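Participant: Chain by chain, the residues:
6 protein chains.
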Amino acid sequence: MPNERFERGMARLAEMGHNSPIVSMLDETAPDMAKYIYEFAFGDIHSRPGLDKKSRELVIISAIASLGHAPLELKSHVNMALNIGLTRQEIIEALMQLTVYVGFPTAINAIFTAKEVFEERDRS
Amino acid sequence: MPNERFERGMARLAEMGHNSPIVSMLDETAPDMAKYIYEFAFGDIHSRPGLDKKSRELVIISAIASLGHAPLELKSHVNMALNIGLTRQEIIEALMQLTVYVGFPTAINAIFTAKEVFEERDRS
Amino acid sequence: MPNERFERGMARLAEMGHNSPIVSMLDETAPDMAKYIYEFAFGDIHSRPGLDKKSRELVIISAIASLGHAPLELKSHVNMALNIGLTRQEIIEALMQLTVYVGFPTAINAIFTAKEVFEERDRS
Amino acid sequence: MPNERFERGMARLAEMGHNSPIVSMLDETAPDMAKYIYEFAFGDIHSRPGLDKKSRELVIISAIASLGHAPLELKSHVNMALNIGLTRQEIIEALMQLTVYVGFPTAINAIFTAKEVFEERDRS
Amino acid sequence: MPNERFERGMARLAEMGHNSPIVSMLDETAPDMAKYIYEFAFGDIHSRPGLDKKSRELVIISAIASLGHAPLELKSHVNMALNIGLTRQEIIEALMQLTVYVGFPTAINAIFTAKEVFEERDRS
Amino acid sequence: MPNERFERGMARLAEMGHNSPIVSMLDETAPDMAKYIYEFAFGDIHSRPGLDKKSRELVIISAIASLGHAPLELKSHVNMALNIGLTRQEIIEALMQLTVYVGFPTAINAIFTAKEVFEERDRS
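Chains as they are written, first to last, in our numbering: chain P, 1460 to 1583; chain A, 1460 to 1583; chain Y, 1460 to 1583; chain B, 1460 to 1583; chain V, 1460 to 1583; chain R, 1460 to 1583.
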C-alpha cells in the first residue's frame, strides 16, 4: 500500500540513482524492511530539509565506514554519492579523514570498498 | 621542537577556534599525544586540500558520534563546527541522519551532547 | 500533527509504562526525533505482530547492552521490561548470557545499570 | 578430560541440534577454546535456569547480530534457534527490531545471514 | 561452593593485587557473575601458561581500551598491571600505540582513564 | 618525497618482515594513506622507545582482533609478530585471553584468521 512517505523515499532514491541489490534481496525474507527503507530511511530522514544531499551522503559514508562491517551498504552509498556529484577525491578525502577518529584499519578497509566501486564504474 | 606540520596543525586548530581542554589534559601524562594531534590529526590530515573544513567537520562529527563513547571529543568538534559556520540545525540534522545507520540510542546520545554544547554557548 | 503511527507508538509506550526523560530531553533540540521514536521505533516496529512484548524487550535490552555506551536508554528499557512482567532475575540472566557474546566488561556494566534501575524502583 | 560442566555443555548443544563447524575448526589451533565453549558458554551459562532456551537464543541472536562481524556464529545460533522451535518469522522480527537500536545496515546484514540459513535448510 | 578453578582465580587476582570494587558490586545483583570472574576469567584463562602476566595485561588493557566504554574495568587492569611491574610509561606507550588502530578519541580517553589511576595511586 | 619519518617507518616495517599487500593496494586510490602508514603508524608510533616490538605487536593484535572486522590487517600483524619471534602459541594465548573481554565470537574469528596465517606459512 504505497503512501506519501513511501513515494517520497522512492523518489529520493531515484534522484540519487540508487541501484543497489539490497532492497530486492530483502523482498522475500523481510519485505517490510524494504518498506521501512523507503518510508523511514529515505522518505522521513534523508528527504528532510536543513542539510543538502551531498552533506548527507558524507555523513552517511562516514557512519557506515565507521561501523566497519557493512561493505554492501557502503558501496551503495559511495555509488549514490558519486551519482549526485561528490567526486572520487572528496570521498577518498572523507575516508582518509576517518583515520584519525576510527583508526587506520577501518579507514583503509573503507577505502578498499570505495576502490571496488570506482573499478566497477570504470568497467561499466 | 616545533616543525612545519606542528605549526600547520596549530594554525588549523586556531582557525577553527579550538578551545577544548583535551590537549592540555594530555600534556602531563602523554605529551607526545598532544604533539601527534597537532602534527598528524590537524597538520597532516585535517589541513589536506580536496575537502572543505565544513565537510570535514560533518565527517568527523558523524564518526565520533558513531563511536558512541567519546562525548568530550564530540563536544570539541561540535564547538569547532559551529565556530567555522555550520549551523546548529545542520549539526542536528547530521546527527538525526545517523539514526538510520547507527540506531536511535547512539544518535540520541550525540544529540544530547550537542545540546550541552549549545547550552554552554548560550550561557557564555 | 498526530497520525495513526504516532498514536500507535504513544499507546504502545503507555502500555509499557514508559517514563524515561529521553523524549522530553529531545523536545527542544530535536523535536522530530521524539516524533520518530513514537512513529517509527514504537508505532511501526515495536507494535508489529509476530513477536510478543517480552521477547522484544529481551532483544532490545541485549542490543543496547551490547552497544555498551547507552545506559540511559538501557535503563528506560529495563524499566519497561519490568513493567510488562519480565522479572529482575530474567533480565539479569539475559545480561549474564551476554558475557559469552560481548565479553565480561560490557555485560558487567549492563548489570550495574540494571542494578541502578532496581534500586531506584525499590526507593520509590 | 571430560567433566560435569563439559558434559552439561555437550548435552545442551545436542539438545539444540548444534552442528556448526566452529568447534571442529578450533580443534587443531586452539583446542582449549572448544573446551571453554562446552564448559563455560554452554555448560555454565546457557544451561542456567531462570531463562528458557528460546529466550536465551533471542538474546544471543540479538547480541551477535549487534556485533555485526560474526556471521558464522550468527548462522550457528539461527540454526539452533530454529531447531528448538523459534519460527523464521520470530527470528526475522527480532532482527527487524534491532534496526531501531543498531541501525539499518547491521540489522539488514543479519537478515541476509538468517536468509542464508533458511535457504540452506530448504535445500537439505 | 569453592572449587579448584575458583581458588586458582582468587589466587591469581591476589597475586596481581586486585582491589577493584567490581566484584563486590556484583555480589548482590548477580553473585554468579563474581563466581565466573574468579573461575573462568582468572581461574581458567588468565592462569593459563604460554603467556606471562605482563603480556596478558597488555593484551587486556588494549582490548578494554578498544571497547571504549568500560573505564571501571580499564582502571582495574591498569592498577593490576602496575602492581605486577608494568611501568606507567609502558602502559601509556601501549595506549598511544592504539591510536593507529582504534583512532585518537578512544586512545585519548583510555589515557585519561590511566591518568586517573596514576593520580589515585599518587594520592594514596 | 621521502623524509626521516618515512624512512624510519620503512625500516621498521622491513625489520618486521612486512609483506602485506595493504600498502600497494592503497597506492592507486589513496597513495597518501600509504605515506601515513610509513610516516605516522610506523615512523612515529611503532618506532617509539618505551615498549619493545613484541609487546607492541601483542597490543596491536589485541586491538585489531577486538575491532572484529579487519582480518586483512590482523593477518598482516600476525605475520609480523611471528617474524619478530612471537610464537604461534603466544599469539593464540593472546587471542584466547580476548574471549573474556570481547566475547567468544570475536575471539574465535581472530583465532580463525591466525590459523589462516599459520597455514599459509606452512604451505610456503
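Possibly wrong hints are sitting among the right ones.
Unchecked claim - Straight line, CA to CA, 27 Å or less: simulated BS3-like cross-link-like pairs of lysine-lysine: (1) V:K1534 with V:K1574; (2) V:K1494 with V:K1534; (3) R:K1494 with R:K1512; (4) B:K1494 with R:K1574; (5) R:K1574 with V:K1574; (6) P:K1513 with P:K1494; (7) A:K1512 with P:K1534; (8) R:K1534 with B:K1494; (9) P:K1574 with P:K1512; (10) P:K1494 with B:K1512; (11) V:K1512 with B:K1494; (12) R:K1494 with A:K1512; (13) V:K1513 with B:K1494; (14) V:K1494 with B:K1512; (15) V:K1494 with A:K1534; (16) A:K1513 with R:K1513; (17) V:K1534 with Y:K1574; (18) V:K1512 with R:K1494; (19) R:K1513 with R:K1574; (20) A:K1494 with R:K1512; (21) P:K1574 with R:K1534; (22) P:K1512 with A:K1494; (23) V:K1513 with R:K1494; (24) A:K1574 with P:K1512.
Please keep in mind that the hints were generated in silico from the structure rather than gathered at the bench.
The structure displayed is predicted, hence computed values, not measured ones.
Participant: Tell me, in ascending order, the numbers of any earlier hints that this structure violates.
Facilitator: 5, 10, 15, 16, 18, 22, 23
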